[in-house]
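A.B. asks: The hints should help you fit chain B onto chain A, whose structure is shown.
What follows is the residue order along each chain.
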Amino acid sequence: MEEVKTFQDIILTLQQFWSKQGCMLMQSYDTEKGAGTMSPYTFLRAIGPEPWNAAYVEPSRRPADGRYGKNPNRLYQHHQFQVVMKPSPKNIQELYIDSLKALGIDPLKHDIRFVEDNWENPSLGCAGLGWEVWLDGMEVTQFTYFQQVGGLEVDSVTSELTYGLERLASYIQDVNSVYDIEWAPGVKYGEIFKHPEYEHSVYSFENSDTAFLFNQFSAFEKEALKQIEKNLVHPAYDYVLKCSHAFNLLDARGAVSATDRPDYLKRIRHMARLIAKAFLQERAKLSFPLLKDSEAKKWVEKYGIKEEK
Amino acid sequence: MTHTYLLEIGLEEMPAKIISDSVSQLKDILATHLKENDLNYSTINVWSTPRRLAVTVKDLETKQADRVETVKGPAKRIALDKEGNWSKAAIGFTKGQKVSVEDIIFKEVKGEEYVFVEKHIKGQPAKIVLEGLGSKLSALSFPVSMKWGNSSHKFIRPVHWLASLLDDDVVNMNLFDVSAGRETEGHRFLGDALTLSHASDYTESLKQAFVIVDRDERKQTIVKQIQDMCQENKWQDPTDNEELVEEVTDLVEWPTVFYGTFDTHYLDVPEIVLETAMADHQRYFPVREAGTNHAFLPYFIAVRNGNEKGLDHVRKGNEKVLDARLADAAFFYEEDKKHDIDYFVEKLKNVSFHEKIGSLYEKQERIARLSHFLAPYFGLSSEEKEELERAALICKFDLVTQTVTEFTSLQGEVAGIFADERKESKNISTALSEQYLPKSLEGALPESKIGAIISLADKMDSLISFFAVGLVPTGSNDPFALRRQAMGIVRIIEAFNIPFALTDWLDVIVDGMQNVETKALYEQNKEKVSQFILDRLDLWLTKYAGMAKEFDVRKAVLHASHDNLIALIDQAKVLKEEKPTNQFKPVVESLTRVSNLAEKADGALDIETKQFESESEAALYEELVRIENESKEMKTAHQEWKHFVELRPLIESFFDENMVMTDDEATRTNRLALLNRIDTLAQSFAQFKMLVIK
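Chains A and B, in that order, give the protein sequences. Using full-length UniProt numbering, read the first sequence as starting at 1 and increasing by one per residue. Using full-length UniProt numbering, read the second sequence as starting at 1 and increasing by one per residue.
Bound-form chain A, shown alone:
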């Protein structure tokens, strides 16, 4: 086995590994988001009875975590490698451990631990049970069995693995700062991302136009609600993601008071719930195409809209 070293080696290895397990290799979704879970390839596909196996890299923006490129561990934008398998395979833990082995991590020489961590994303109405996976004490992966998505109890449980690629890479390459990670042979993470990190931090903490962002939030929200009414699930969801990012920017700027904060989150959650319901209906109208016909029938009966006579 060739040694997995660079950041891109890690991505390639994980892609290869999971595609062999039957995951479709999707691409990063092109709207800003705070976590791979928010990609429609996870959030929407976790809803309803249809199977879904996918893996993708998701650049994740968290404005409040920006540190001007100075903190060795915290970033405005980090990269997640997201794996979702639905229904959760019985051997998902073993598959995960095998993926670490593929990265050259020998479990016998390390301490790999599954430590309880129940995950919740209140703004999307999502909750799940699972673990953070520790590699020699470092949390390298969030491992979750989804129980609720968009406020709906799941029909089929999605197992979600979210690898923190920077942490994994800094561990594998044995560097103390993310900026010292080798992305490709001869090119360091810092050489690509340090400057954008600095600029985004300045923007998020000092320069963003809060009035503009507040307006954006409201405008995106209005547009999302309008599209939800027409059952245009995907365009509506894009605007929810944009709302969420606008909110995160405002939050980083300290522009949202503690009193208003729950209200903004509630507004996002409200839209996410509507979208979850609408998505389920739209899939039912299509007779849940990813299910076998025989299985689809009972679900269409459960969720399909009865045709009016």
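A couple of the hints might just be wrong.
In silico negatives: residues of chain A with every beta carbon more than 12 Å from chain B [said to hold, decoys possible]: (1) 32; (2) 216; (3) 232; (4) 273.
Listed below are the simulated SDA-like cross-link pairs for lysine to any residue, each with C-alpha atoms no more than 20 Å apart in a straight line [stated by the list, open to error]: (5) 573/B <-> 586/B; (6) 70/A <-> 337/B; (7) 70/A <-> 327/B; (8) 320/B <-> 90/A; (9) 154/B <-> 120/A; (10) 347/B <-> 251/A; (11) 320/B <-> 206/A; (12) 585/B <-> 693/B; (13) 90/A <-> 586/B.
Partial pick of chain A residues on the chain B-facing surface, computed with a CB cut under 10 Å [unchecked claim]: (14) 67; (15) 88; (16) 129.
Hints in this document: simulated from the structure, not taken from any laboratory. Keep in mind it's a predicted model, so treat the numbers as computed, not measured. A virtual CB, placed ideally from N, CA and C, is assigned to each residue, including glycine.
C.D. replies: Same frame as chain A, but now just chain B:
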């Protein structure tokens, strides 16, 4: 011959904190099942690791004992027709019981003869009885459960295997879609899948596969390894951190203890922050020098789930993680250092305590106001009063520091440390660090007076504020931990022996309210808050004053006409003490009689001595007035009780010599008023009629 039975449920890693409870539930389910089925055994042992819940039953009988069951049928007159032949009813009955009419015997029941049959039931073999256990396993309950795959059943974590062996024989059962067998798993990385040949080999076989299933043994292994390491390095033994030892025990199957280091420059960060970063986040044991000064050292002790192999990797990895955590902690601490207390206090204006209640800044102001009432009871000097005011007005400042934002469990303690660093007085910093005490039902209490006052004021403010906006605990739902806070109030008042009426305090709180609407809401909830605290006092008396059995004493005292906790506690203690004495019964009876009649007095309390017709009336009155003139505050509960003892013969003579419900209205009213006055005095002690006398 007896047998051994093993049941092991194999799962994905369970949360550490639920394991012990779950395995004891499993034991209960098994014990109940065996009892219901009359199958005898000597002991049930429990075994647990993060991935398994197991029980073994020892000295299990081969089968249930055979038994004879007598079943009653119809009456003889119905069972036999006129000709003396068996009726349809009799035949039907025997068929139903799977016997024949030849088996019928007659027995008399209440003067009438009935048909009976005796059934000989063969005891079932243990294996059959145990198979019935399967359907009961899903009764295990967990604080949160999950579903997985496409199934709808819920459990703590997905179930992977079920080992069920009676000696060397598989006892069939299912848990969800998993069927029982003899297969189990060893340590996730060190061991392999293994096949158990005999139930009694369980612990030994698993040990070969690098799993110590005996939780106690695992814990002792960890403790021993840590202690050996500390002895060798002259470190203080940290295993008195019981909570962390317990948690770590439930995180590993095969423990190996190691230590690592961190950069000494982090030692500038307050110890408690370092400790929290290590213990709470990483489950490491902090290291201190053995001997007298216990200096904090730049090491940590950790427990690995595995053996010695690759321990250097593990150490290095953990050191790296801790370094990142400490770098964060140091960063937050240094950032906070740039600001003074006023800067943080100002920020509190924009942070809400609860959206319906207002900002943290406003809470501080209320705490300051609430604490004024308490200060005199604690005998504060004028300097201390100033310190109290200052402490109250800044007490929440650490909630907006970056350090507490990151390490929320350190609220209060960080305030104390930061106040100290910013040259506040020792009294103030101590009070700030003690303001959240007690943190649990039996947790440590504030030791300083100012700390106790702020803790009381903070808790009382939370109670009345949440009650006022209708956020009251219901059932097991108490999201703001108001019950715990009310218990805190009881415990602090008791420990500091501060005798005051809750109602007096609540009156002052309500009077001080500016906002008319809030004031009205507070006013409406005063009594409820007092009652809520009295309910906690009931629990305190039950659990901590040895009055679990004295239900009537608790009830009688908690229905006294005041809510001075110290006095109530003393009164309860006196009643408990007096209960076995000979005079208890007559005293309680006389006061109960008084009380029953006093209800007819319509609240009249004015007594005309001119109306007295007998000496006993006058004598009772004289004694009452004498007692009334002594201030209650100056008397111990013992002295109060003594007064009731002294009143008793006078009350008895009064009843012997006077007719209370006489036709003469003036005399009647006067006598009822006299009884009402005595009852009022008695009620300030207890509701005597609630006491049980034998």
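A.B. asks: Next, verify each hint and record whether it holds.
C.D. replies: Quick rundown of the hints versus the structure:
{"no.": "1", "hint": "32", "verdict": "25 Å, holds"}
{"no.": "2", "hint": "216", "verdict": "23 Å, holds"}
{"no.": "3", "hint": "232", "verdict": "30 Å, holds"}
{"no.": "4", "hint": "273", "verdict": "21 Å, holds"}
{"no.": "5", "hint": "573/B <-> 586/B", "verdict": "19 Å, holds"}
{"no.": "6", "hint": "70/A <-> 337/B", "verdict": "19 Å, holds"}
{"no.": "7", "hint": "70/A <-> 327/B", "verdict": "12 Å, holds"}
{"no.": "8", "hint": "320/B <-> 90/A", "verdict": "33 Å, violated"}
{"no.": "9", "hint": "154/B <-> 120/A", "verdict": "19 Å, holds"}
{"no.": "10", "hint": "347/B <-> 251/A", "verdict": "16 Å, holds"}
{"no.": "11", "hint": "320/B <-> 206/A", "verdict": "32 Å, violated"}
{"no.": "12", "hint": "585/B <-> 693/B", "verdict": "6 Å, holds"}
{"no.": "13", "hint": "90/A <-> 586/B", "verdict": "73 Å, violated"}
{"no.": "14", "hint": "67", "verdict": "9 Å, holds"}
{"no.": "15", "hint": "88", "verdict": "5 Å, holds"}
{"no.": "16", "hint": "129", "verdict": "4 Å, holds"}
In summary, the structure is inconsistent with hints 8, 11, 13 from the numbered list given earlier, while agreeing with the others.
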